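If you're matching them up, the sequences are chains Z and E in order. Note that the working numbering has the first sequence beginning at 137, numbered continuously upward. Note that the working numbering has the second sequence beginning at 988, numbered continuously upward.
These aren't lab readings, by the way, just hints derived from the structure by calculation. For clarity, every value in this text was computed on a predicted model and none was experimentally measured. Take the hints with a grain of salt, since some may be wrong.
In silico PhoX-like pairs for lysine-lysine, Cα to Cα no more than 25 Å straight-line [what the hints assert, rightly or not]:
1) Z:Lys474 x Z:Lys492
2) Z:Lys492 x Z:Lys167
3) Z:Lys492 x Z:Lys150
4) E:Lys1104 x Z:Lys555
5) E:Lys1102 x Z:Lys555
6) Z:Lys399 x Z:Lys474
So these bits of chain E aren't anywhere near chain Z, every CB distance computed over 10 Å [said to hold, decoys possible]:
7) Arg1023
8) Thr1057
9) Gln1191
No residue lacks a Cβ here, since even glycine has one placed at the ideal position from N, Cα and C.
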Amino acid sequence: MSEGTDAYVEEQAKHRELGLTDYEYGLIVEKLGRTPGDVELAMFSLLWSEHCAYKHSRKLLRRLPTEGERVVMGPGENAGAVDVGNGYAVAFKVESHNHPSAVEPFQGAATGVGGILRDVFAIGARPIAILDSLRFGELDSVRSRHLLDGAVRGIGHYGNSIGVATVGGEVYFEEPYEHNCLVNAMCVGLARTEDMVRAAAAGVGNSVVLMGATTGRDGIGGASVLASAELGDGDEAKRPTVQVGDPFEESKVLECCLELLEKGLLVSLQDLGAAGLTSSAAEMASAGGVGIDIDVATVPLREPDMEPFEIMVSESQERMLAVVEPERVDEVRAVCDKWETGSAEIGVVTDTGLIKIFRGAETVGEMPVEALVDGCPLYDIEPAEPEGWIYGNRETLAPSADPEATLLALLSAPSIASKRWVFEQYDSLVGSRTVRRPESADAAVLQLPEAANAIAVSIDGNGRRVACDPYAGTVEAVLECAQNLACVGAEPLGLTNCLNFGNPEKPTPAWQLDRAVTGLADACNALGVTVVGGNVSLYNEGPDGPIYPTPVVSMVGELPDPSLVAGLGFASEGDAIGLVGPFEPNLAGSELAKQRGELDHGLPQSEVAAVAAACTAVRDAVRTGRLASAHDISDGGLAVALAESAIAAGLGCRIDLQPLRERGCTPEEALFGEGPGGFLLSGPRAELDALGAVHLGEVGGTTVEIAAGDRSIVAGLGTLADAWHSLGSRLDG
Amino acid sequence: MIWGVLQFPGSCDERDALHACAAASGESHLIWHQERDLSHVDGIVVPGGFSYGDYLRAGALARFSPAMTTVAKFAAEGGPVLGICNGFQVLCEAGLLPGALLRNVELRFICKQVKLKAVGGEGDGERLSIPMKHGEGRYYAPPEQLDELEARGQVAYRYADGHNSNGSVRDIAGVRNEAGNVVGLMPHPEHAVDPLTGSTDGLQVFRALERFAA
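Build out the structure end to end from the sequences listed, making use of the hints.
Here you go:
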């Protein structure tokens, strides 16, 4: 084909439509030694998309610490896993489904949950918990309420129906997410370590079996079209690229896969997610250093006459791919029949190092596995720090508001207010492991009778603070996660993350990503926490620019005795209240600064080692069972943390913040300033003194009374609770 | 006593029920929905979940499962049968219990701890703290039928004041058949058998049926 001919121009247009650059197209031609056919071009375009190839982030991610004593499976597998003792491992992963949710929130969020569940049971772990990290525009936007409502219903629909408890999460409302909401779903699973399985195809001559749902035209091109480009006009037309979830089918596939693994019938297992059969087959072959032949004519279809390329790239949900020894295929299919789910032998493992696609006898594609999976060029990003605050400011609270009105404004801020309206739509109990339900402690606590202990899980990431300072904000997200675990007495075993950023080809999002990954690496190294997996979601932008850079960080920790876990609510009249940790409250990047329209570039840097030491001290104290409550000081500062502990208990408190004044804080900073490292504890005075806690006051009465120099708050519990519980009436009203 | 817990494709709470039955009464086994022989158990639990996806109408398909034919016979012979949430819906669809379960009045799934009052039978008047979690749990029967049910003592559990979150008629959370050996309720006693996860009041719901075991 020569330049200038019609055919050449047409081919050019096609690869660009599929998201490949001219340079990348040239590389594909070079690697194949010819121009790619339709099937091949479709497959390359998906596997070389940002979503699958991490082409703008892979180099940065090499900074993260990925090796640790407790790691059973690290990055590169379907999910990370850590050893929890007694021959058991806990698997976990978080993944984004942002763009599908922005286009169709119910199905987008539902299939986000479905996808992350498959990642976890693909390694042989039974899913035991779901958590979600959600971001929307401000609540006064009709679009945001629509997206919130749809996403929450979608998560509930899938998680409730499949019988996995949704035990925690977080929701923030900020203007920069108005067009591009974030839906990050996390799944935690439990496996006997010896039953776990990897995704590497092995054994030349073994059969490749496709299980679960039939393959249809839904979700074609999701990974390249939706996940790897900015949202913009015409998103409605992208609805057909959003998949439709069927939790009943997934429930059958889940039980079927776990039974197959328990019976030792599978050589390897992989879920079909983004890029469908294309990525599953290519990644299995790549991991095993083998080739795979697939005959698309043997794939059970939802509708007739699908083209080979459609079959290869379809993102129809609830499908799994397994490698099975030929003599065991009948047994495998019998188990699939028992669970009333589909199974078909669609291919065979070869020693060619090629992915060959056939339609019956006809060859419709033939590509080296290496070129598909590892051939995509990795790009260096070109970061440049912006001059100042690039996002907007909107004043919703007058600086003259008195401290009590300010506290009420903070408690009723949608990002801080109780998310009961959200979590009551989720089954948080199924599985009988949930020791701490949502909002009763800083982390979800799940008992593991199998391992004779318990785990705690937290998911955190305040995008606004990361926007102020991507490095410091990301360090804080890791610290907050560690603090939340410490509050329930848990020691971190591993960390996973989902990096939600704007377009990495632009200098500012590139700079945000670069600084955030460095912050993540530094914080993990300082805390001695291993990164066992992660996910990257780039191109999160709308017409007004990038989202707040949002690294969502999740940790799983272990605790020996769940019966000793403190809650976040005060427990008894007369208990002492104390502050532990290197807390230096500052208004920069705070919820108060947001409400006053005073957000600006820059955050104070954290004393990571001191926070780590405080986490250890608090964790050990909680494990004795002698603390009455433990709560980390987060959004809205100390006044909000005190109000939350009081509301949860129905018990007031009398507090004097003079000790913070003596650290040099202004009254406002002491009341509403934010920053990492602060723990609010209550219990016997002697216990708090032994921890070196700064004494702040006592639990008691029906009012929250806080003195901070010449500023003071006296507020009834009922008034505070009404403000904190105002989200539901604003959504339903 | 040995409980058998049915498992349909799409069941969710069958393992929880299995554990609860064992905690309450000593022994329990899972029963695959294709089984017809239930002679090895003394009581049956039809557990919660979304049998067959509940895409048609909750419980509408599961009632046709082979095991349900045997359950109907077992119930007619006076054996104890407990339907929880989706299991309650299945028993209503199968005609083993009166009434129907409609979508919650707020049209949303609700998961929360609620207070129940036991009505009639053992433990009459006791208050139980048990979680509810469902989207279609609004009990309904026509007024005349409700009058008859109440006259015959067939209301088994009511939501305490302020706890009827799904809009059930006359605060009804659970009902029994005339003989009393078949009970269905929307809240989940199997999630209230361990102080660590919130409450142990659910044990009574299982034990209240033990006297019907052969």
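For this session: Any hints from earlier that this structure breaks? Give me their numbers in increasing order, please.
Result: 1, 4
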